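So the protein sequences, as listed, match chains S and R. Under my numbering, read the first sequence as residues 1 to 493, first letter to last. Under my numbering, read the second sequence as residues 494 to 601, first letter to last.
Derived from the structure by calculation, the hints contain no laboratory data. Nothing here was measured: the structure is a model prediction, and the numbers come from that model. Where hints are given, some of them may not hold.
Result set (DMTMM-like, lysine to aspartate or glutamate): computed pairs, CA atoms no more than 25 Å apart in a straight line [said to hold, decoys possible]:
hint, chain 1, residue 1, chain 2, residue 2
1, S, K40, S, D69
2, S, K40, S, E101
3, S, K270, S, D250
4, S, K110, R, E499
5, S, K110, R, E577
6, S, K270, S, D69
7, R, K597, R, D587
8, S, K398, R, E543
9, R, K533, S, D384
10, S, K398, R, E536
11, S, K357, R, E499
Here are the computed distance ranges between Cβ atoms for each label pair [to be verified]:
hint, chain 1, residue 1, chain 2, residue 2, range
12, S, P51, R, N535, 47 to 55 Å
13, R, L517, S, E37, 52 to 60 Å
14, R, R570, S, S76, 22 to 30 Å
15, R, N535, S, L435, 17 to 25 Å
Think of the CB as a built atom: it goes at the ideal place given N, C-alpha and C, for glycine as much as any other residue.
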Amino acid sequence: MSATPHTPAGAAPPATKGWTVASIRRALESRQISARELTKEYYSRIGRENPRLNAFLALSPERAYAQADTIDAKISRGEPLPPLAGVPTALKDVLNTRGTETTAGSRILKGYVPPYDATAIERLDHAGAIFLGKTNCDEFAMGSSNENSAFGPVHNPLALDRVPGGSSGGSAAAVAAGLAVIALGTDTGGSIRQPGAMCGVPALMPTYGRVSRYGLIAFASSLDRIGPFAQTVEDLARVMEVIAGRDPLDATSADHPVPSYTAGLDAPVKGLRLGIPAEYFAEGLDPAVRQKVEAAVARLKELGCVPTPITMPHTPYAIPVYYLVATAEASSNLARFDGVRYGLRVPGATLGEMYRKTRGAGFGAEVKRRIMLGTYALSAGYYDAYYLKAQKVRTLIKGDFDRAFQQVDLILTPTSPVTAFRLGERTADPLAMYLADIYTVTGSLAGVTGISLPCGKVCGTLPVGLQVIGPHFEEGRVLQLARAFEAAGGFEL
Amino acid sequence: MNISREDVLRVAELANLELTEAELATYGAQLQSILSYCDKLNELDTTNVEPLAQILEVGKVEEDKDEEQHLREDAPRDAGVISEVVRRAPEGVDSHPAYFRVPKVIDR
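Could you build all of it, start to finish, from the sequences and the hints given here?
Put into structure tokens, the structure is as follows:
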């Protein structure tokens with residue numbers, strides 16, 4: 001096993017590797033580097049690497065250098081630096097950014113430039129982050145491989161012929177390849193955790209309502225979350241301290257205190273009870289993934305954690321529930337893309353014809369498929385059989401988590417049953433692609449928080465992800481275990 | 494259950510999607526296959542189970558505040574972006590008041 005596990009295969013170890021929020025701050029304060037120089041260094045790397053990765057869809061150098069100059073001015077005046085001062089950041093293209101094209105990976109929004117920042121973006125801006133640009137993703141965040149982007153797939157930086165996972169594949173790839181120190185993604189059924197696993201970087205899905213979604217282009221409103229990618233657990237905690245918290249502009253954001261996630265990182269994990277649900281280690285799990293995840297559990301046991309077998313009996317029903325609920329909500333949310341107010345318009349003789357032609361031409365195959373499925377599930381005569389039934393089973397799935405967390409502190413599972421697959425390998429069968437989300441959709445439906453952590457690589461190249469799931473608003477506990485696992489060398493098992 | 498071409502057309506009409514003949518055939522077959530898989534849910538008796546409509550009920554674990562407290566005042570505020578929005582729209586007209594031009598709607 002290589003000592004530099006995140007180095008992209010076939011690439012020289014990047015000079016920018018190893019930068020963290022804390023090391024950037026030290027380098028800035030000691031004037032070893034300026035924010036402008038650091039920004040330039042990252043753009044030069046993006047210029048070199050992005051043509052083969054396709055991780056970024058749009059760059060925002062004007063804004064990035066202005067942000068960098070603001071930080072450099074603070075340094076020269078001797079002012080205190082904000083928490084993410086000078087940190088090169090990548091933003092998934094479903095998040096609205098003032099003045100920078102935001103497409104959600106869709107032709108229907110090609111050329112759309114939002115007049116405002118999403119709340120999470122605004123908070124990063126105030127915290128001193130440098131916005132390098134917008135990252136590629138599956139169209140409207142619908143996909144598990146990034147192959148549904150209208151602007152071409154992202155290539156996994158660790159194996160260029162393979163997918164980076166999805167839908168936040170560009171954000172995961174950017175961090176894994178050292179093209180950004182931190183990135184934001186979104187997770188509806190696994191879209192932060194699964195690409196985190198496939199690209200070998202830690203990635204956190206916060207609790208439902210923990211991070212404001214104002215300015216996020218909505219996919220499924222009862223499921224969508226915004227969360228970070230980083231190279232270290234500490235950096236995930238630092239980003240969470242900035243973006244978490246109540247926002248008057250998002251009525252679904254929770255009015256729940258935000259703890260200091262960094263302060264609790266090094267608390268001892270001895271005695272933590274870790275639930276190992278049998279249903280997540282059943283048929284369909286790649287034996288090589290199983291072996292790494294079991295090794296991860298063993299490592300945590302050495303740290304004094306207590307693995308405990310549990311059962312979550314409704315797990316096998318999560319995929320149909322997820323795809324019915326998510327598509328129903330999507331069919332409603334995506335009604336706003338009609339050619340009237342933004343993006344593409346295809347002319348028609350009547351208003352209805354304009355809608356139908358615009359949407360028919362503007363949406364890609366997977367988005368249309370999901371709108372059709374969701375519309376069907378909500379339509380008269382089928383509502384009870386599909387949508388309502390799914391919402392009832394969702395209650396049972398949430399019940400599995402409620403019961404589990406009475407017995408254990410955290411739940412451990414594989415993030416994905418497989419490692420990164422080859423581009424094009426799974427695109428022919430949508431149902432087969434959906435089934436790959438089996439271990440992540442459950443936590444999405446239950447509203448809990450979950451992280452994916454690297455736990456070694458199969459054949460030395462393809463990363464495996466360990467998922468750690470915590471109860472609502474227990475990001476601190478999840479990060480604490482993640483930090484202990486990282487410190488114990490768990491990422492390189 | 495069988496999904497006919499007419500069913501697919503009806504759903505496409507409800508969803509305001511213009512689909513090609515090839516798409517109608519493909520989506521028909523795929524909806525059939527996905528929905529058959531979803532029939533798996535009928536293995537479960539959910540007679541006495543409430544549907545989970547709102548996950549944020551979990552927010553109340555912490556505090557049993559009046560829901561009203563979570564809602565801001567329903568008052569308009571000027572975001573100052575109307576001119577920018579209509580100028581970037583496919584057929585926006587930046588006048589006072591600003592508006593979007595669309596095909597005639599009376600006949601539909």
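Right, here's what the structure says about each hint:
1. K40(S) - D69(S): holds, 12 Å
2. K40(S) - E101(S): holds, 21 Å
3. K270(S) - D250(S): The hint is violated at about 38 Å.
4. K110(S) - E499(R): violated, 32 Å
5. K110(S) - E577(R): holds, 17 Å
6. K270(S) - D69(S): violated, 45 Å
7. K597(R) - D587(R): Since the Cα atoms of K597(R) and D587(R) sit roughly 20 Å apart, the hinted pair holds (cutoff 25 Å).
8. K398(S) - E543(R): holds, 12 Å
9. K533(R) - D384(S): holds, 15 Å
10. K398(S) - E536(R): holds, 18 Å
11. K357(S) - E499(R): Judged against 25 Å, a Cα distance of about 19 Å means the pair holds.
12. P51(S) - N535(R): 47 to 55 Å: At 50 Å between Cβs, range holds.
13. L517(R) - E37(S): 52 to 60 Å: At roughly 56 Å between Cβ atoms, E37(S) and L517(R) fall inside 52 to 60 Å, so the hint holds.
14. R570(R) - S76(S): 22 to 30 Å: violated, 37 Å
15. N535(R) - L435(S): 17 to 25 Å: holds, 19 Å
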